[in-house]
Structure formats: C-alpha cells, structure tokens
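Undergrad: Which chain is which? The protein sequence lines are A and B, in order. Numbering follows our numbering, in which position 13 of the first sequence is assigned residue number 29; successive positions increment by one, without gaps. Numbering follows our numbering, in which position 8 of the second sequence is assigned residue number 49; successive positions increment by one, without gaps.
No wet-lab data here; the hints were simulated from the structure. Values in this document were obtained by computation on a predicted structure and should not be read as measured data. A couple of the hints might just be wrong.
What follows is a set of in silico ranges between Cβ atoms, one per label pair, in the way DEER data are often shown [to be verified]:
id, chain 1, residue 1, chain 2, residue 2, range
1, A, Gln57, B, Ser110, 25 to 33 Å
2, A, Ile36, B, Tyr80, 47 to 55 Å
3, B, Pro120, A, Leu100, 38 to 46 Å
4, B, Pro120, A, Gln33, 45 to 53 Å
5, B, Asp96, A, Gln30, 45 to 53 Å
6, A, Gly56, B, Asp72, 28 to 36 Å
7, A, Arg96, B, Val119, 44 to 52 Å
8, A, Lys94, B, Glu99, 36 to 44 Å
9, A, Lys94, B, Glu83, 29 to 37 Å
10, A, Thr92, B, Arg102, 21 to 29 Å
11, B, Tyr80, A, Lys94, 43 to 51 Å
12, A, Leu55, B, Asn135, 38 to 46 Å
13, A, Gly32, B, Val119, 46 to 54 Å
Note that beta-carbon positions come from the ideal geometry of N, C-alpha and C, so glycine has one too.
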Amino acid sequence: EPEVTQTPSHQVTQMGQEVILRCVPISNHLYFYWYRQILGQKVEFLVSFYNNEISEKSEIFDDQFSVERPDGSNFTLKIRSTKLEDSAMYFCASIWGLSTDTQYFGPGTRLTVL
Amino acid sequence: DQQVKQNSPSLSVQEGRISILNCDYTNSMFDYFLWYKKYPAEGPTFLISISSIKDKNEDGRFTVFLNKSAKHLSLHIVPSQPGDSAVYFCAATNTGNQFYFGTGTSLTVIP
C-alpha cells in the first residue's frame, strides 16, 4: 500500500535555528498538507498546498514558516527561526483530489526546540 | 476558536461491547466529516467518513452517524476489540483545503 514518508523522525534544534522537515507524499497525489500536534493537544492544520502554491493557511502559519515542493517528490516545511513553542509533532498528509475521502498521513517528525 | 469538539478525552469499554465516540461542530458550512485513529508515535490513519448529504455510513464494525440539526456526529464500533484501543480524532472540512480536528478521545478496550 502506498504511504507518505517523513524525515527525520526526530529533530532536535536550538532556539533560533532553522529547520527543514521533509515529506514524500504519495506519488500521484495532488494536494499536500502540514499539521502539527503539540503534546497533549489537538492536531492543528498549518497549510495546504496545491499546484505549487499555498491554497490555505492557518493563523499558526506565520512568516517564520514556508513550504516548498522543490522537485516532483518532496514536500518540505521550513521554520526559519525556531521558538520553544514550535516543539511538536509535525504531520504531513496528501490526498489525490479534494473529493477523495482518504487523507494519508505520514508518521510524523517530532521537533524538539531547546 | 474550536470548530470541532470532542468533549470526552477518554473512554473505556469492555471487549465485545459497543464503543460510542462523540463529536460536535459549530460551523454549519462543513460538508464532510472524517474519523481518524491514531496509535502512539504514528500519524493519524483514516477510518471512515460521511458526507453531509447522508446521515449514516457503515463500514464493517464501524458506523458513523451524522445529525446535522444538532451539529453532532458519532462513531460506533461494534463489537469493540482490544486492537481498537487508540486515540480517535474527528475532523471536518467544507472545501477540502482545510481540515479541522477535534482534540481526540482515547479509547481503551478492556479484554
């Protein structure tokens, strides 16, 4: 069965450093998402991406965040200057089309900001 | 602004009995609802969904009920099995661009 992959599984960084979280969505999917889950809290939407541009973003997704699809397979989330409160699990997801009912999630990257 | 709410953080059920997980939403524009299951250290896994034009969708042991007038949906698992023990998230969308998740309900099925 196809799956979304994410690397690294765990990233530890110092406050103020830049991090790039990587995702490889399912190959024929067209819509891509990033979510995060702070420990013990709900899964929060960050951003959706389609046709090489952001479709929608939440209030959390401020200027410190950016997404990119640098080639045909990777989908990255960059945090320019990490803050302590960025520590969370970050999930990437992809779907083929908006009408589909199955959003495939990756296993997540645990980001720890010290 | 929590548009999707799961008011029960945890639920314990005996094996073989019915598990009922509840979810409420506030945005009447939502037209698609989904349930996800999440094990520790894994990403959420899609379980079952329902469109707003329906009031019930069934898939094996899992049934989702939608009450649009009450802005309420529920997931029924019958019979519950120990392997069903996980955190269950309810999610909703109206455009497919943004999905709103509840805070999750941790289900424990006791053998």
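Undergrad: Could you work out which of the previously given hints the structure breaks and list their numbers from low to high?
TA: Structure breaks hints 2, 9, 10, 11, 12.
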